[in-house]
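Visitor: Protein chains in written order, with the working numbering: chain A, 1 to 112; chain B, 1001 to 1115.
Just so you know, these hints were derived from the structure itself, not from any lab. Note that the structure is a prediction, hence the values are computed from the model and not measured. Beta carbons are placed, not taken as given, at the ideal position from N, Cα and C, and that holds for glycine. Just so you know, not all the hints are guaranteed correct.
[Stated by the list, open to error] Ranges between beta-carbon positions, derived for each pair:
1. B/1058 / A/69: 21 to 29 Å
2. B/1039 / A/12: 19 to 27 Å
3. A/17 / B/1073: 14 to 22 Å
4. A/69 / B/1014: 44 to 52 Å
5. B/1052 / A/8: 39 to 47 Å
6. A/26 / B/1056: 15 to 23 Å
7. B/1103 / A/15: 28 to 36 Å
8. A/109 / B/1039: 12 to 20 Å
9. A/64 / B/1058: 23 to 31 Å
10. B/1111 / A/12: 48 to 56 Å
11. A/20 / B/1065: 25 to 33 Å
12. B/1083 / A/69: 41 to 49 Å
13. A/82 / B/1020: 38 to 46 Å
14. A/66 / B/1111: 34 to 42 Å
[What the hints assert, rightly or not] In silico EDC-like cross-links for lysine to aspartate or glutamate, where the CA-CA straight-line distance does not exceed 20 Å:
15. A/49 / B/1075
16. A/49 / A/15
17. A/99 / B/1075
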Amino acid sequence: AQSVTQLGSHVSVSEGALVLLRCNYSSSVPPYLFWYVQYPNQGLQLLLKYTSAATLVKGINGFEAEFKKSETSFHLTKPSAHMSDAAEYFCAVSVGNEKLTFGTGTRLTIIP
Amino acid sequence: DSGVTQTPKHLITATGQRVTLRCSPRSGDLSVYWYQQSLDQGLQFLIQYYNGEERAKGNILERFSAQQFPDLHSELNLSSLELGDSALYFCASSARGTSGMNEQFFGPGTRLTVL
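Extracted from the complex, chain B is given alone in its bound form (with noise of 0.2 Å):
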C-alpha cells in the first residue's frame, strides 16, 4: 500500500460524458502527478500540481483539466469523452516539487471506460 489513494477504482460511462476522478496524496507529500496509461499510448505524464499550484504540463488535452484542493487531494475531470479516453488513470504523489530524484508513490490507479 503506497498510501496513495484513488477513487473511484472502476469508471464506466459514455462518450460525450464528463467524469471526476479523485485522489489523496500520502499525508504530508505536496506534489501530485497525474498519469494516464494506454496500450496505445503507455505510460504519459500528463500533469503535476505542487501545492495548489500547476508545476508542470505534458500530454493533456484541452478536454482535461485538474486542480488541487487546499487539503491537498487532486482531482482530473475528463470531458467530451471519446472512445479513445479509455484507460488507467495513475495519481502519483512525493515529497517535494523541485527534485527529479525524488520517488513518486503511485496510487492504484482508476480504469475508466468510454462505451
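The following block holds chain A by itself, in its conformation from the complex (with noise of 0.2 Å):
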C-alpha cells in the first residue's frame, strides 16, 4: 500500500523567503503525486500534480514540486513567500487507482 510523510507537522517563513515544504512517499510502483492546499474554513485546492510526464512540476500560484525518484520525495518549493500562502499543505499519492492517500499535512505560517 501507498503512503505518504510530510516532516514538519507546522513551518514557519519570513515574508519574501523560501518555501520548503517536505513530502517523502512510498508506493512498490510508479506513483501519481499531488500537493493540495487548505485555507481556513475551506475545501482542498490543487497546487499541482505529478504524474509522470515531468519531474519539474509547476502549480498555481508561484508554487513548483520535484519528483525525485531516488530519494522518493515530492518537496514543494516557492521562492518568496507571500502572506497569502499561510495555509495548511497536503501531499497525497494515488496508484493505478483514484484514492487519494493523504499526508498528515504541514501548517505554513508566514512571518511579516
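Each of the two chains sits in its own frame; use the hints to bring them together as a complex.
Guide: Shown next, in the form of C-alpha cells:
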C-alpha cells in the first residue's frame, strides 16, 4: 500500500523567504503525486500534480515541486513567500485507481 | 469555487442519532469521493462511487453508508453517531473513475459536531 510522510507539521518562514515543504512517499509502483492547499474554513484546492510527464512540476500561485525517484520525494517549493500563502498543505499519493492517500499536512505560517 | 457543493455546511447532533450529508459533483463529473478530516486521524478516504456504482472503499465504518443517485449527486449516511465521529466531511468529484492521475475537486465540506 502507498503512503506519504510530510516532515514538519508546522513551518514558519518570513515574507519573501523561500518556502520548502517536504514530502516523501512510499509506493511499490510508479505513483501519481499531488499537493493540495487548504485555507481556513475551506475545502482542498489542487496546487500541482505529478503524472510522470516531467519531474519538475509547476503549479498555481508560484509553487513548484520536483519528483525525485531516487529519494522518493516530492518537495514543494516557492521562491518568495507571500502572506496569502499561509494555509495548510497536504501531499497525497495515488496509485492505479483514484483513491488519494494524504499526508498529515503541514501548516505554513508567514512572518511579516 | 470548485463547482462541488455540499450541504449542510454545519451539523450539530447528539450521540446515537443519524444524519445525511449531501454532495453535488461538478457538472459532468461521474466520480464522487467521500473523505473524513479529523484532528486525530487526518484526512482519510472513505468511499468512492462512479456513475452510481461503488468503486472503492477505504476506512469507512459499518455505521456509515453512501450512495450515488442517477443524477450523480451523492449522500453519506452516518448512523448511531459517536463523539468520535465529529469531523469535517469532504466530498470530491472527478471526471473519470479509472485513472489515478485525474484531479479531484473538493467541496467546502460539512462540519459535523456530535454532542
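Visitor: Hints first: check each against the structure and report whether it holds.
Guide: Verification of the supplied hints:
no., hint, in the structure
1, B/1058 / A/69: 21 to 29 Å, "holds, 26 Å"
2, B/1039 / A/12: 19 to 27 Å, "holds, 20 Å"
3, A/17 / B/1073: 14 to 22 Å, "violated, 44 Å"
4, A/69 / B/1014: 44 to 52 Å, "holds, 50 Å"
5, B/1052 / A/8: 39 to 47 Å, "holds, 41 Å"
6, A/26 / B/1056: 15 to 23 Å, "holds, 19 Å"
7, B/1103 / A/15: 28 to 36 Å, "holds, 30 Å"
8, A/109 / B/1039: 12 to 20 Å, "holds, 18 Å"
9, A/64 / B/1058: 23 to 31 Å, "holds, 30 Å"
10, B/1111 / A/12: 48 to 56 Å, "violated, 27 Å"
11, A/20 / B/1065: 25 to 33 Å, "violated, 42 Å"
12, B/1083 / A/69: 41 to 49 Å, "holds, 43 Å"
13, A/82 / B/1020: 38 to 46 Å, "holds, 40 Å"
14, A/66 / B/1111: 34 to 42 Å, "holds, 35 Å"
15, A/49 / B/1075, "violated, 28 Å"
16, A/49 / A/15, "violated, 25 Å"
17, A/99 / B/1075, "holds, 18 Å"
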